[in-house]
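Asks: One letter stands for each residue in the lines below.
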Amino acid sequence: DQQVKQNSPSLSVQEGRISILNCDYTNSMFDYFLWYKKYPAEGPTFLISISSIKDKNEDGRFTVFLNKSAKHLSLHIVPSQPGDSAVYFCAARVNDYKLSFGAGTTVTVRA
Amino acid sequence: NAGVTQTPKFRVLKTGQSMTLLCAQDMNHEYMYWYRQDPGMGLRLIHYSVGEGTTAKGEVPDGYNVSRLKKQNFLLGLESAAPSQTSVYFCASSTTGPYGYTFGSGTRLTVV
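If you read the sequences in order, they're chains U and W.
The opening residue of the first sequence carries number 1 in this note's numbering; numbering runs sequentially from there.
The opening residue of the second sequence carries number 1001 in this note's numbering; numbering runs sequentially from there.
Derived from the structure by calculation, the hints contain no laboratory data.
Don't be surprised by glycine CBs; every beta carbon is placed ideally from N, CA and C.
Among the clues, some could well be false.
A few chain W residues facing chain U, derived, Cβ under 7 Å [unchecked claim]:
#, residue
1, Gly1016
2, Gln1017
3, Met1019
4, Tyr1031
5, Gly1053
6, Thr1055
7, Ala1056
8, Gly1063
9, Phe1090
10, Phe1103
11, Gly1106
Here are the computed lysine to aspartate or glutamate pairs in the EDC-like style, where the Cα-Cα straight-line distance is at most 20 Å [as the list claims (entries may be wrong)]:
#, chain 1, residue 1, chain 2, residue 2
12, U, Lys98, W, Glu1059
13, W, Lys1071, W, Glu1030
14, U, Lys5, W, Asp1038
15, U, Lys68, U, Glu58
16, W, Lys1071, W, Glu1052
17, W, Lys1009, U, Glu58
18, U, Lys54, W, Glu1030
19, U, Lys5, W, Glu1059
20, U, Lys37, W, Glu1052
21, U, Lys98, W, Glu1079
22, W, Lys1009, W, Asp1038
23, U, Lys5, U, Asp55
24, U, Lys98, W, Glu1052
25, W, Lys1071, W, Asp1026
26, W, Lys1009, W, Asp1026
Same shape as in the complex, but just chain U (with noise of 0.2 Å):
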């Protein structure tokens, strides 16, 4: 049983505007999430994280919002650039170490 979703498979953008990814999860005992970026033939890199006593964390063009009430987070990337085309993966850890990952969002960012 999955943990962590990632509904939206895909995502397509204009350079310049804003990414939104989503990402919902079921256990109410995730202590951080993490979103995760994969380029082609690499391995997936950290990018931003959330406890989950807060509600936002912020890191130049990228946000994280948690609301926990809905057990959903999203990511906000703003301005969208043609570098950030990836697969992001939302990320939720239950313990000092082991993570439970979504399937992934493509995101696409068009000239």
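Add chain W to chain U, keeping to what the hints say.
Replies: Frame of chain U; chain W shown alone:
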């Protein structure tokens, strides 16, 4: 600073053959993991290790074995490969804290 290194990067196996995937990390991380990535399924945990000499099963352990004889190495073995094991395999390592994993670049395995 290599991070996490996986070998080989590509491999084609015949059904029933065996092989070992190698993972090495140079960050002195305690925890190491093997994931497989399949279309529409995301990253699924096969086995993991919380320290030298320890291993544990993840979500999809059947058909795989692992060993962690040294802290820096985590080996994934397929004793009798099956077409269902065609996938991209990622090794990762981590330490305590909210910093997530460091992933290797992956091994693309095809079983024919």
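Asks: Look at each hint and say if it fits the structure.
Replies: The hints, checked one at a time:
1. Look at Gly1016(W): its Cβ only gets to about 28 Å from chain U, farther than 7 Å, so that hint breaks.
2. Look at Gln1017(W): its Cβ only gets to about 24 Å from chain U, farther than 7 Å, so that hint breaks.
3. Because the smallest distance between the Cβ of Met1019(W) and any Cβ of chain U comes to about 20 Å, over 7 Å, the interface hint for this residue is violated.
4. Restraint check, Tyr1031(W) versus chain U: the minimum CB separation of about 5 Å is within 7 Å; hint holds.
5. Given the 7 Å rule on beta carbons, the hint for Gly1053(W) is violated: about 17 Å separates it from the nearest Cβ of chain U.
6. Look at Thr1055(W): its Cβ only gets to about 13 Å from chain U, farther than 7 Å, so that hint breaks.
7. The beta carbon of Ala1056(W) is not positioned within 7 Å of any beta carbon in chain U (closest approach about 9 Å), and the interface hint is therefore violated.
8. Taking 7 Å as the C-beta contact cut-off toward chain U, the hint placing Gly1063(W) at the interface is violated, the least distance being around 20 Å.
9. For Phe1090(W), the shortest C-beta to C-beta distance to chain U is roughly 6 Å, which falls under 7 Å, so the interface hint holds.
10. Because the smallest distance between the Cβ of Phe1103(W) and any Cβ of chain U comes to about 3 Å, under 7 Å, the interface hint for this residue holds.
11. For Gly1106(W), the interface hint holds, the least distance from its beta-carbon to any beta-carbon of chain U being 6 Å, beneath 7 Å.
12. The hinted pair formed by Lys98(U) and Glu1059(W) meets the criterion: a straight-line CA distance of about 11 Å does not exceed 20 Å.
13. Between Lys1071(W) and Glu1030(W) the alpha-carbon distance is near 7 Å, which keeps this suggested pair within the 20 Å criterion.
14. A threshold of 20 Å between alpha carbons decides the hint, and for Lys5(U) with Asp1038(W) the separation of about 15 Å falls inside it, so the pair holds.
15. Between Lys68(U) and Glu58(U), the direct Cα distance comes to roughly 17 Å. Compliance with the 20 Å bound is thereby established for this hinted pair.
16. Straight-line distance between C-alpha atoms of Lys1071(W) and Glu1052(W) comes to about 5 Å, which keeps the hinted pair within the 20 Å bound.
17. Taking the CA atoms of Lys1009(W) and Glu58(U), the gap is about 35 Å. The hint is violated against a cut of 20 Å.
18. The suggested pairing of Lys54(U) with Glu1030(W) is violated, with an alpha-carbon distance near 27 Å, which exceeds 20 Å.
19. With a C-alpha separation of about 16 Å, the suggested pairing of Lys5(U) with Glu1059(W) holds against the 20 Å cut-off.
20. Distance hint between Lys37(U) and Glu1052(W) is unfulfilled; the C-alpha atoms sit about 29 Å from each other, more than 20 Å.
21. Distance check on the hinted pair: Lys98(U) and Glu1079(W) sit about 26 Å apart at the alpha-carbon level, beyond 20 Å; violated.
22. About 16 Å separates the Cα atoms of Lys1009(W) and Asp1038(W), which keeps this hinted pair within 20 Å; it holds.
23. Under the criterion of a C-alpha separation no larger than 20 Å, the hint pairing Lys5(U) with Asp55(U) is consistent with the structure, at around 19 Å.
24. In summary, the hint linking Lys98(U) to Glu1052(W) is supported, as the alpha carbons are separated by about 17 Å, within the 20 Å threshold.
25. The straight-line distance between the Cα atoms of Lys1071(W) and Asp1026(W) is roughly 9 Å, inside the 20 Å bound, and the hint therefore holds.
26. With a C-alpha separation of about 18 Å, the suggested pair Lys1009(W) and Asp1026(W) falls inside the 20 Å cut-off, and the hint holds.
Hint compliance for this structure: hints 1, 2, 3, 5, 6, 7, 8, 17, 18, 20, 21 are broken, all remaining hints hold.
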